Amino acid sequence: MREPAPTETPAPARDPLTTAMRASHVLAGVLVVGALAFAAFGAAVGDTFYLRLATEALIFAGLALAVDILLGYTGLLSLGQALYFGLGAYVSALTLMAVPSFWAAFGAALLAGTVVGLVGGVIANRVRGVYFALITFGMAQVVGKVVYNTRALGASDGLIGVPVVDIGFGPWSFSSASPAGLFLFVLGYVMVLYAVAAYILDTPLGRLLIAMRANEGRVAFLGYRPVTARLIAYVIAAVVASLSGALYPMLRGFVSPELLFFTTSGNAVITVITGGAGTLVGALYGSLLLTVIKSYVGSWTEHHLIVIGLLFMAVVIFLPRGLIGLVRPKIERMLSRERKP
Amino acid sequence: MTSTLRLLSALLAGTAAIAATPALAADPIKIGVVTPLSGTYAGIGQQVRWGLELAATEVNAAGGIMGRPVELSFEDEEANPSVAVQKAEKLFQVNKVDFLTGTVNSGSTLAVGQLAERAGKLIATTVSFADSITADKCSPNVFRVNARAGQQSAALASWLAKEKPQAKVFYLGPDYEMGRSTVAAFRSNVDRVGGSSLGEVFAPLDSKDYTQYFGQIRATRPQVLYTSVAGTDTVRLFTQLQEFGLLGNITVLGASGTVTAQNIGAIGKAADGFVTGVGYSAEIATPENKRFVEAFKAAAKTDPDLYGADSYGLIFAYKAAVEKAGSTDTDKVREALRGLTWKTPQGEKTLRAGDHQAEQTMYVVRVAGGQFKIVSEIPGPDAIGADTCTKF
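So the sequence lines, in the order shown, correspond to chains A and B.
In terms of full-length UniProt numbering, the first sequence has 23 at position 23, counting the first letter as 1, and numbering is strictly consecutive.
In terms of full-length UniProt numbering, the second sequence has 100 at position 100, counting the first letter as 1, and numbering is strictly consecutive.
Any given hint could turn out to be false.
[To be verified] Here are some chain A residues the structure puts well away from chain B; computed CB gaps all over 10 Å:
1. Gly-29
2. Leu-208
3. Leu-305
[What the hints assert, rightly or not] Pairwise CB distance ranges (calculated):
4. A:Thr-263 / B:Gly-231: 17 to 23 Å
5. B:Glu-283 / A:Lys-145: 36 to 42 Å
6. B:Asn-249 / A:Val-99: 54 to 60 Å
7. B:Arg-192 / A:Thr-301: 44 to 50 Å
8. B:Asp-387 / A:Thr-114: 42 to 48 Å
9. B:Arg-192 / A:Ile-123: 46 to 52 Å
10. A:Phe-318 / B:Ala-184: 51 to 57 Å
11. B:Ala-219 / A:Gly-138: 35 to 41 Å
[To be verified] In the EDC-like style, the derived pairs of lysine to aspartate or glutamate whose C-alpha atoms are separated by at most 16 Å in a straight line are:
12. A:Lys-145 / B:Asp-175
13. A:Lys-145 / B:Glu-177
14. B:Lys-373 / B:Asp-305
15. A:Lys-145 / B:Asp-206
16. B:Lys-164 / B:Asp-191
17. B:Lys-96 / A:Asp-47
Note that these hints are calculated values from the structure, not bench results.
This structure is a prediction, so every number in the text was calculated from the model and none was measured.
C-beta atoms are modelled at their ideal positions from N, C-alpha and C, and glycine is treated no differently.
Please build the complete structure, drawing on both the sequences and the hints.
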């Protein structure tokens, strides 16, 4: 008697969104390996500048990550994410100047990001589309100008004199003045932000956000409250930006109101679109790439903004899915092939 | 592109000088310049660049510093402290510059100064005028060769005390932190020289209509109106003052940025009689300055302003200090710069050891027929003010 051919159990089809996220994780892994090699090389030759430049790129990658959560997943264009980045930076700087402890600064930035994110979210989420972009832009400008004119916050000069701190985990600790140490720490920190964001976006809530990007009207008919989901996404993005900003004064020892200005917000949007919106990892690669380009081209000609502008236009026209869009589909195909017997 | 060419030609001039003087060691003294070459402050950065390049060319033609040629490396700071710090770190760590200058906005100077302090290097600003840089936020690694806001304000006040003793002054400032602090600084100077203050108003930046304040100004009958508005705000304020006939019996004083080459044309006749205090004017009638203005015009095709002149002078201060120290070592050069007196187109300057602020003759200038004319000179010690730096 012949056994009936085993019915082809349809492989629990992994949905394309999960595959896409896994492909991002592969690229994030590549980034970490590359960064570790870079750190080892940098430490071996006793480099300071490039390690600290890469650290700054990673810090701004955190801000770009926040923009991607809103733009790439929820479909909200925030032109004022620097508000939360600057908030985290100022709160962290003020905390460090009072209590030189990393964890105190971290906690303060987390708290400030959550509270201000909730308030800002309630205001900004009253509107959608271009009005949302304008409101976020306006809020950041208002806060930026207030800081710029507040003498207690250093006004236009910013705050200098943020002390060098020892960042400690149990028995291990290192000084924020050590280029390689701080680079490795910031790498780990930003990868944790990335992992948390990726985890949240892979939950049902994340799916809801992606659905809202496609058609917010229908989400309401499915029985969800889009307003709540949008507010949650906004607060998560605010916290991610604030926690990234908290690292800035540890690296540079100062904060200035320019961190809150549109140049910072605008750069983050350019970073996300160049890297690839809706990929999370694109924000990280985009930030590293743009920081390096700016540093090199800026030393070579004062017309560096034209170069960045042309690159941005080229990406928008020829690579609508960003630079990550060049490689990620290939990895996705490899991943889905692996699952087939 | 043209500036790249200019830099190249400056470097070539430097190399030519080396070739001409076989005694020169090949190893150049590197000076980093972090200055805004793009954006709002590009005009100031351009003057800084012209001034430094002219000085470097002249120093190199005369045999360099201790026989070593001066080499300038430029980086664009975009008038943003975050960018300035990153570029300064590159110059310190990668280009290994011996000295750094060029920062324009005070935030950049403070942030780069802190970086220099932590990296054990020296910087000097030739532009930033916030008092804090050489007062409460002073740093042992930061020097300032230009006049700070307090010096401009003190110079103007001593002119006022001489010309209009016990003057009754009204203040009109732009409503933001810097506007308020300039008014407060001048007000304290007026009180010091025995004048009386009648009142102050602050108008929002970019105000279209200043006439709403004129009733208040007229009611208090001031002899002098002090203002620190700038740019196109000055144009509107002055033309409206003229239309309302207030300029007839009121002398208008202002900050050095209130009436500049950029807006004086648009203000026209209303600018006549405006008085301000500055650290440099191309009108200074000394042979050194005439020679400098001619050389500057030949190189840059335009007149030097205070930024160009102060930047030009800095190279000679650094040259004198390195030659006195016999080395480019940070501690030795710092010691040599402290208390250094050297010659500039503006006359002799002295770097005060206590706070690293340059003491220099200040000039009071008045607009007449669309031109600034020097009306008074205030000796350096009268304008510099107290040393309030406690850090070193």
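Right, here's what the structure says about each hint:
1. Gly-29: It holds; A:Gly-29 is separated from chain B by about 28 Å at its closest Cβ, greater than 10 Å.
2. Leu-208: Nearest chain B Cβ is 36 Å from A:Leu-208, so the label holds.
3. Leu-305: 6 Å, violated
4. A:Thr-263 / B:Gly-231: 17 to 23 Å: 20 Å, holds
5. B:Glu-283 / A:Lys-145: 36 to 42 Å: Holds, at about 38 Å.
6. B:Asn-249 / A:Val-99: 54 to 60 Å: 58 Å, holds
7. B:Arg-192 / A:Thr-301: 44 to 50 Å: At 49 Å between Cβs, range holds.
8. B:Asp-387 / A:Thr-114: 42 to 48 Å: Since the Cβ atoms of B:Asp-387 and A:Thr-114 sit about 46 Å apart, the hinted range of 42 to 48 Å holds.
9. B:Arg-192 / A:Ile-123: 46 to 52 Å: 47 Å, holds
10. A:Phe-318 / B:Ala-184: 51 to 57 Å: 55 Å, holds
11. B:Ala-219 / A:Gly-138: 35 to 41 Å: Hint holds: Cβ distance 38 Å, inside 35 to 41 Å.
12. A:Lys-145 / B:Asp-175: Roughly 12 Å separates the two Cα atoms, so the pair holds.
13. A:Lys-145 / B:Glu-177: 10 Å, holds
14. B:Lys-373 / B:Asp-305: The given pair, whose Cα atoms are some 14 Å apart, holds under the 16 Å limit.
15. A:Lys-145 / B:Asp-206: 14 Å, holds
16. B:Lys-164 / B:Asp-191: 13 Å, holds
17. B:Lys-96 / A:Asp-47: Distance of about 12 Å is within 16 Å: holds.
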